[in-house]
Structure formats: C-alpha cells, structure tokens
Amino acid sequence: MLSFICLFSVLMSLKLNQKTRTLISRAKVARLATVDQKLYPYVVPVVFVFHENSFFIPLDEKTKTVNPKNLKRVKNIEKNPNVTLLIDKYQNDWKKLFFLMIHGKAKVIDGKNGKIMDKIHKLLVSKYPQYKKIGIGNSCIKIEPTKVRFWSNSQKIIQKNSDNF
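All residue numbers for the sequence shown refer to our numbering, where the first residue is 30 and numbers rise by one.
There may be inaccurate statements among the hints.
Unchecked claim - Derived CB-CB ranges, DEER-like:
| no. | residue 1 | residue 2 | range |
| --- | --- | --- | --- |
| 1 | D65 | N121 | 31 to 41 Å |
| 2 | N99 | K162 | 34 to 44 Å |
| 3 | D147 | D122 | 36 to 46 Å |
| 4 | Q47 | Q159 | 21 to 31 Å |
| 5 | K124 | K148 | 33 to 43 Å |
Unchecked claim - Heads up, simulated PhoX-like pairs for lysine-lysine below, C-alpha to C-alpha not over 20 Å straight-line:
| no. | residue 1 | residue 2 |
| --- | --- | --- |
| 6 | K151 | K161 |
| 7 | K148 | K162 |
| 8 | K144 | K101 |
| 9 | K57 | K104 |
| 10 | K144 | K57 |
| 11 | K98 | K136 |
| 12 | K151 | K91 |
| 13 | K91 | K161 |
| 14 | K144 | K125 |
| 15 | K134 | K101 |
| 16 | K136 | K108 |
| 17 | K125 | K67 |
| 18 | K161 | K136 |
| 19 | K91 | K144 |
| 20 | K125 | K104 |
Everything labelled a hint here was simulated from the structure, so no lab data went into it. On a predicted model such as this, the values are computed, not experimentally measured, just so you know. C-beta: ideal position from N, C-alpha, C; glycine also.
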C-alpha cells in the first residue's frame, strides 16, 4: 500500500523553507489555472521565476495568435484575480512524485514598474537562455501567493533538496 504525505501551509508572508524554494527554482514549467466568465477553468503551461515572495510569468514574444494583453489568461485575471499555479514532477517511479499547488492573487504589471521588470527580465534570461533570442516582452503576470499545498509520495523528497527537476 502506498503511503502518502500531504502537507498544508497557509502563508501570511510566504515563509517557504529552503527545500521548497529549491524545488521552485529548479522547476522549468508550471501550469497556470484561471477561470473565465462562464466559470470554466482555463489552464496553460507557463514559464516563471520566483522573486521577493511572488511568482512572475512573462507575457513574452513567443508566437501567439493574439496580442499578449488579449490572451485569455490575462482577460480572466482582469475579471477574477484568483489563480492557481501548479508545479509538479511526474516520474515512472511513483515514489518520486510531488507537486506544489500555489493559490494566489494575480495581476498584470508592465514597464511602468521599471525596476522590478528589469530584475524579472534578468532572472528570466538566467533561468531560460532561450530569452536571449526571443523577446521577453514588457509585461508579466505577478502572482502573490495566499496559500501553498505541497504533496509528495516520498518522505525523501521532503527531507532533502530534490534534484528531480
């Protein structure tokens, strides 16, 4: 029988331990969930960085069918800022499965927030070298976490810094 470990923590000032921060920093992709006007969930894969207790998702210059400010995720956030960001790792060895589910409030920030945007751009280029060739854009989604749920199928993932990403 599989044993499951489930940890919950409500965050006031997002005091994540170093192990959780390591999992976040090593993750290359997450899933962003928003809700549209008809209350249908809308989930997309995203890249992100974590800085000063917030997550930042670029509205970059990868090929899109609409202007980044008209993306469905952006329109959904404008109407309802409640979002969920899921960072997970699937492995064939199920003892290595885990996820972080981050609930938070999202908003779009742009070039008017110059200092923070400069820092976010540098962090994104460092984490994703592809951005040296593709424009990062002038705006991003900022998520301020309100609650984080961590689940792991192995005590080892909790006890040590994981290199699974």
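Hints and how they fare:
1. D65 x N121: 31 to 41 Å: The hinted range 31 to 41 Å holds for D65 and N121, with Cβ atoms some 35 Å apart.
2. N99 x K162: 34 to 44 Å: violated, 24 Å
3. D147 x D122: 36 to 46 Å: holds, 41 Å
4. Q47 x Q159: 21 to 31 Å: Between Q47 and Q159, where Cβ atoms are some 28 Å apart, the hint holds.
5. K124 x K148: 33 to 43 Å: Between K124 and K148, where Cβ atoms are some 37 Å apart, the hint holds.
6. K151 x K161: The hint holds at about 10 Å.
7. K148 x K162: holds, 18 Å
8. K144 x K101: With a Cα-Cα distance of about 27 Å, the restraint between K144 and K101 is violated, given a limit of 20 Å.
9. K57 x K104: violated, 24 Å
10. K144 x K57: Judged against 20 Å, a Cα distance of about 24 Å means the pair is violated.
11. K98 x K136: holds, 12 Å
12. K151 x K91: Judged against 20 Å, a Cα distance of about 17 Å means the pair holds.
13. K91 x K161: Satisfied, since the Cα-Cα distance of roughly 12 Å is no more than 20 Å.
14. K144 x K125: violated, 39 Å
15. K134 x K101: holds, 17 Å
16. K136 x K108: Answer holds: K136 to K108 is near 10 Å, not above 20 Å.
17. K125 x K67: violated, 37 Å
18. K161 x K136: violated, 25 Å
19. K91 x K144: violated, 23 Å
20. K125 x K104: violated, 36 Å
Checked against the numbered hints listed earlier, the structure breaks hints 2, 8, 9, 10, 14, 17, 18, 19, 20; every other hint is satisfied.
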